[in-house]
Amino acid sequence: MEGSSIAPFAWFFMLLSMGSVTVLTAYCYIRILSGSDEPVESDAPGSDVPDS
Amino acid sequence: MSAHTHAQERWATRIGLILAMAGNAVGLGNFLRFPVQAAQNGGGTFMIPYFISFLLLGIPLMWVEWTIGRFGGRHGHATIPGMFDELGDRKRKWAKYLGVLGIVMPLVVFIYYTYVVSWMLGFSFFSLTGGYFGLGEFSQVAQYLYSYQDVFDGTIHGGWVAVVFFLITIVFLYSVLSRGIAGGIEKLALIGMPILFLFAFILMIRVLTLPPAVGTPAEGLNFIWNPEWTSLSDAKVWLAAAGQMFFTLSLGMGTIHCYSSYLTEKDDVTLTGLSTGATNEFAEVVLGGTIAIPAAVTFFGVAGATAIAEGGTFDLGIVAMSVVFQGMPGGQFWGQVTGFLWFFLLFIAGITSSVALSSPAIAFLQQEYGRTRKHAVLMVMALAVALGTLHLLFYHRQFLDVWDYWAGTFGLVIFAAVEIVLFSWIFGIDRGWKEMHIGADLRVPLIYKFIIKWVTPIFLFILLGWWAVTEAVPTLLMRDVEDAPIAYDPETIVYRWFSRLVMLGLLALGLYLIHQAWVRKAVAAGASPAADPGPMES
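Respectively, the protein sequence lines represent chains A and B. So in the working numbering, the last spot in the first sequence is 52, and the numbers never skip. So in the working numbering, the last spot in the second sequence is 538, and the numbers never skip.
Honestly, the hints are just simulated from the structure, not real lab data. A virtual CB, placed ideally from N, CA and C, is assigned to each residue, including glycine. Just to be clear, a hint being listed does not mean it is correct.
As the list claims (entries may be wrong) - Computed, partial: chain A to chain B, Cβ under 7 Å:
hint, residue
1, Ser-5
2, Pro-8
3, Phe-9
4, Cys-28
5, Ile-30
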């Protein structure tokens, strides 16, 4: 592949876009596969409705 | 909590659920529509409104739909009419009728989308058998596709060829769907999605290592990603990005709700929902952006690829790619293999979405009319064959275009606007926020409470208003306007009206079935008070 055909800003947007979705995907799967998280309480910040 | 009247079926594994949801979202649009949209709407700068739409529209709606689905499932509903009825505390009788959108729209899309998906199966077969090899020119391959699509055109394919692939696709869907959630849909996702990603990676590497021809793969990437800064001030670009977000995440359909109704009440929806959204974005941005356009630019040059992209996604994804495979280094054998990988990848992407699109109608028949799963699947498949035949007969008469616009484009935004108002304002954002965090593995940032209540609805109503003025009204009136979603053709007007009437007939049938279902419930509750689960719990 001839890298010189890609303009600097095209590189920037491509790497930033691809990088961000890759990091987000990896973050999600690592958290899911590690399975170490305790569920957060349903009474999350902002939940001002009492349990019935 | 009310009895689980429907939720005897469950997802077997969390990864199976994520892949099934990702299969719902990852479709033809990820590989065909996204790169064209990006290239036509500012290149790299398109990603600015795209990611803003992801954060303000895509992710919030995703969480809302997952939450509504699980909430509905807990109250014995797998489809939107029952879920909307619960969101309205059963006091707002109109809410369940709005839910008709969540049954009929996915059904309408399912019917024509499955027909299109069957083309991919057909072209997988033609790739393996070398059917289109030897047709070197773009126009010749276009004629090959046109003949396949037109059952009355026997110049290249017999009219029965498209029928056979459509029926094979329907039989395959029946065999998957009739096996149920864990035994059918989840297994398909567990097998199909890894194959999809494997094929996509192989194709990405193959395309990026192609030797220079008229252009180079790098020029293709530059074509997609090079920014046009002035596009940021163009409202159309922002709306195109928001629209793409809807299509790609399968929002406003009723399918996410249906799948998440099979969760248990303590299953997480925040991290799992985000994971499916992220998986879809990875498939779209990383894989979808590096296959079709770079390949087309390599073989046709930037000017040629631009002209092809303007001809539509099928010109790019089927015709241009079929020409590309014929010119692949390594001879015809490798061209055929690569062609098979591409079209079968699209078939998998499409079939997993088809499975999801049919699920609300199947669940509705099971739940509200007491049909067995196999019987309900059979009924929906029979309807798909009956109405799919109209698409087979009238594809080149714009019959499909009408359904695609009203159900598959404009309808999504209407549905999403209804659901966000019901969730944030009628059910209440406080209750909704609490519901979302039951069993949550990810604490959603508090700012999203404000976004879901204010920003997403406003964003949606701007999108809806803009589309209504610029597209929906001219399309409704069948005016000859530039850039209309359905190209103006006076010769097809009868078919377009027929298409609309069939769709309206389905909508009327849906409303009738919802009404009858609730009458039956009222009768059952009157005969046996214990049958009425009573007001919902909060």
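Here is how each hint holds up against the structure:
1. At its closest, the beta carbon of A:Ser-5 sits 4 Å from a beta carbon of chain B; the interface hint therefore holds under the 7 Å criterion.
2. About 10 Å separates the beta-carbon of A:Pro-8 from the nearest beta-carbon of chain B, more than 7 Å, and the hint is not met.
3. At its closest, the beta carbon of A:Phe-9 sits 5 Å from a beta carbon of chain B; the interface hint therefore holds under the 7 Å criterion.
4. For A:Cys-28, the interface hint holds, since its Cβ comes within 7 Å of a Cβ in chain B; the closest pair sits about 4 Å apart.
5. With a least beta-carbon distance of about 10 Å to chain B, the hint placing A:Ile-30 at the interface is violated under the 7 Å criterion.
Checked against the numbered hints given earlier, this structure breaks hints 2, 5; the rest are met.
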